[in-house]
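Novice: Sequence:
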Amino acid sequence: MRGYTCGDLSDADAIVCLKKGHEVDPYNLDSLLALGVSLTNELDAPQALRNLRDWLANHDEFSALPGVQRALPEDFEELKRQVAALFHEAAAWREHAAGDVHMALGVIHNIDQNFDRALYHFAEALKFASGRKAATLWNKIGATLANSGRSEAALLAYEQTLALRPNYPRAWTNLGVAHSNLGDTERAMRFYLTALVLNPAASHLWYYVRSATISLGKFDWLGLAENRDLEGLRALLPVSQGNAFFYTRRS
Numbered sequence: 001m002r003g004y005t006c007g008d009l010s011d012a013d014a015i016v017c018l019k020k021g022h023e024v025d026p027y028n029l030d031s032l033l034a035l036g037v038s039l040t041n042e043l044d045a046p047q048a049l050r051n052l053r054d055w056l057a058n059h060d061e062f063s064a065l066p067g068v069q070r071a072l073p074e075d076f077e078e079l080k081r082q083v084a085a086l087f088h089e090a091a092a093w094r095e096h097a098a099g100d101v102h103m104a105l106g107v108i109h110n111i112d113q114n115f116d117r118a119l120y121h122f123a124e125a126l127k128f129a130s131g132r133k134a135a136t137l138w139n140k141i142g143a144t145l146a147n148s149g150r151s152e153a154a155l156l157a158y159e160q161t162l163a164l165r166p167n168y169p170r171a172w173t174n175l176g177v178a179h180s181n182l183g184d185t186e187r188a189m190r191f192y193l194t195a196l197v198l199n200p201a202a203s204h205l206w207y208y209v210r211s212a213t214i215s216l217g218k219f220d221w222l223g224l225a226e227n228r229d230l231e232g233l234r235a236l237l238p239v240s241q242g243n244a245f246f247y248t249r250r251s
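The numbering of the sequence shown is full-length UniProt numbering, which starts it at 1 and goes up by one.
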């Protein structure tokens with residue numbers, strides 16, 4: 001599915017990728033749902049909500065949902081209320097696709113900064129997920145916990161993510177951010193480097209690497225960070241012990 005392939009990229013690149021797919025097939029459900037999630041990450045909440053509503057409107061199970069074909073309001077608060085109401089109704093409307101509906105509700109409640117409700121719906125979505133999709137949901141749970149100031153708990157969620165999908169660059173990045181929030185900058189930098197090993201094209205990660213280098217007081221490493229010398233930094237601060245996906249929980 002295109003959405004999952006694009007989802008491995010940074011959010012900005014994923015949106016470009018997904019939009020290309022959306023232009024080819026504007027009714028592709030995977031693209032609509034993935035666009036809603038990626039646009040939320042890029043802080044384009046109004047368009048994210050429109051894409052999520054379009055996912056419902058074009059889904060065979062939900063296209064007859066009362067009000068789903070209605071024109072969407074321009075006012076953001078009303079848009080948010082209307083789309084949330086549609087998805088809550090969809091959750092009670094059909095058992096089929098319940099996992100995707102709950103995932104979308106988690107995204108919507110994140111937009112509203114109702115983090116506990118978001119966590120509830122991501123947990124409900126997990127009941128219907130396995131493998132790669134479950135890893136994505138655990139990553140969303142971790143990000144929601146971190147965004148709500150619970151970085152310690154987020155580490156456990158990212159551990160679940162990486163147990164299911166150890167080569168997931170986004171999860172390694174988020175794990176680094178959580179450790180940075182907890183003041184463990186050296187470990188954070190190791191995880192940023194791990195993410196770069198897995199996705200060398202993720203240029204935005206070099207901002208995190210540079211910031212971590214300064215925080216660590218390793219000013220003699222700054223040249224390596226500025227030149228994006230991944231191998232040079234790995235030699236100074238190996239990303240793993242034994243393999244590229246090593247992770248040990250904080251003591």
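Treat the hints as calculated values from the structure; they're not laboratory data. Given the structure is predicted, the values throughout are model-derived calculations rather than measurements. Don't take every hint at face value.
[As the list claims (entries may be wrong)] Result set (DMTMM-like, lysine to aspartate or glutamate): computed pairs, CA atoms no more than 25 Å apart in a straight line:
| # | residue 1 | residue 2 |
| --- | --- | --- |
| 1 | Lys-80 | Glu-95 |
| 2 | Lys-133 | Glu-95 |
| 3 | Lys-80 | Asp-116 |
Novice: Now, for every hint given, state plainly whether the structure supports it.
Specialist: Now for the hints, and whether the structure bears them out:
For the proposed pair Lys-80 and Glu-95, the alpha carbon gap of about 23 Å is at most 25 Å, so the pair holds. With a CA separation close to 18 Å, the supplied pair Lys-133 and Glu-95 stays within the 25 Å bound. Of the pairs offered as hints, the one joining Lys-80 and Asp-116 holds, with about 17 Å between alpha carbons and a cut-off of 25 Å not exceeded.
This entry satisfies every hint, going by the numbered hints stated previously.
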